[in-house]
Amino acid sequence: LAKTTQPISMDSYEGQEVNITCSHNNIATNDYITWYQQFPSQGPRFIIQGYKTKVTNEVASLFIPADRKSSTLSLPRVSLSDTAVYYCLVGSNDYKLSFGAGTTVTVRA
Amino acid sequence: GAVVSQHPSWVICKSGTSVKIECRSLDFQATTMFWYRQFPKQSLMLMATSNEGSKATYEQGVEKDKFLINHASLTLSTLTVTSAHPEDSSFYICSTPTEYQETQYFGPGTRLLVL
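The listed protein sequences correspond, in order, to chains A and B.
Heads up: the first sequence at position 59 corresponds to 75 in my numbering, and the numbers run straight through without jumps.
Heads up: the second sequence at position 5 corresponds to 589 in my numbering, and the numbers run straight through without jumps.
Treat the hints with care, as some may be off.
[What the hints assert, rightly or not] Only pairs whose alpha carbons sit at most 16 Å apart, straight line, appear in this in silico EDC-like list of lysine to aspartate or glutamate:
1) K598/B - E671/B
2) K112/A - D47/A
3) K19/A - D47/A
4) K68/A - E686/B
5) K650/B - D672/B
6) K112/A - E686/B
7) K604/B - D672/B
8) K598/B - D672/B
9) K112/A - E643/B
10) K650/B - E671/B
11) K639/B - D649/B
12) K112/A - E683/B
Derived from the structure by calculation, the hints contain no laboratory data.
Please read these numbers as outputs of a predicted model, since none were measured by experiment.
Hey, can you work out the whole structure from these sequences and the hints?
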């Protein structure tokens, strides 16, 4: 499983865009990049997944450069309820997930 | 709505007793379920992989005789913490792959406190 590196924490204010970059230098050819969100005392929740270029859904965008050695999760116009831990995971469809430390995002009013 | 449920959501027990945690897939069959443990301010750590109809596969350092896993049906996996001790106090989370295994559904978690 490819190891990932993310910032430990990020602070933001309501209405701002938050971008979290994850490094995964050893990503394999068949690996996907997946981001999860976790609130305190809850299980993680799937946010977005991508393989290359850009993926966008109703809650976030995921930018993946051509070399795929990093990825950036973009949360547009965050609100207080976006305060959570965000995990970047890299792996293929072989079930097992290896969680890194994650990024604690704190949104302030 | 939720696709994976856990029961109980929290439990307090005395040291030396056993505690069973259930993980259910709702409205779909789950041949594989995963069990994670998460200590305060830490990330999730995979404990074991539960396979329906066969023995569970445990990660290195996880005692299989202490954390008993049973996956007797396609919708239910149970984790039993035997002879629980205060250091077993943690947040236990289960998950199962989605239909095309591209990601996982996670349960809401079970908070265990051993006194």
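>> So if I understand the rule, the pair passes when the alpha-carbon distance is 16 Å or less; does K598/B with D672/B pass?
In response: At roughly 11 Å apart (the allowed maximum being 16 Å), D672/B and K598/B satisfy the hint.
>> Tell me if the straight-line CA distance from K112/A to D47/A falls inside 16 Å.
In response: holds, 12 Å
> CA of K639/B to CA of D649/B, is that 16 Å or under?
Replying inline: holds, 12 Å
>> So if I understand the rule, the pair passes when the alpha-carbon distance is 16 Å or less; does K112/A with E686/B pass?
In response: holds, 11 Å
> Given the proposed pairing of K112/A with E643/B, does the C-alpha separation stay at or below 16 Å?
Replying inline: holds, 11 Å
> Holds or violated: K68/A with E686/B, Cα cutoff 16 Å?
Replying inline: Within the cut-off at roughly 15 Å; holds.
> Given the proposed pairing of K650/B with D672/B, does the C-alpha separation stay at or below 16 Å?
Replying inline: holds, 10 Å
> Quick one, are K598/B and E671/B close enough, alpha carbons at most 16 Å?
Replying inline: holds, 12 Å
>> Tell me if the straight-line CA distance from K19/A to D47/A falls inside 16 Å.
In response: holds, 12 Å
> Does the alpha-carbon distance linking K604/B and D672/B stay inside the 16 Å limit?
Replying inline: It holds: about 13 Å lies between the C-alpha atoms, which stays within 16 Å.
> Does the alpha-carbon distance linking K112/A and E683/B stay inside the 16 Å limit?
Replying inline: Distance of about 15 Å is within 16 Å: holds.
> Is K650/B within 16 Å of E671/B, Cα to Cα?
Replying inline: Status holds; Cα separation ~13 Å.
Checked against the numbered hints given earlier, the structure satisfies every one of them.
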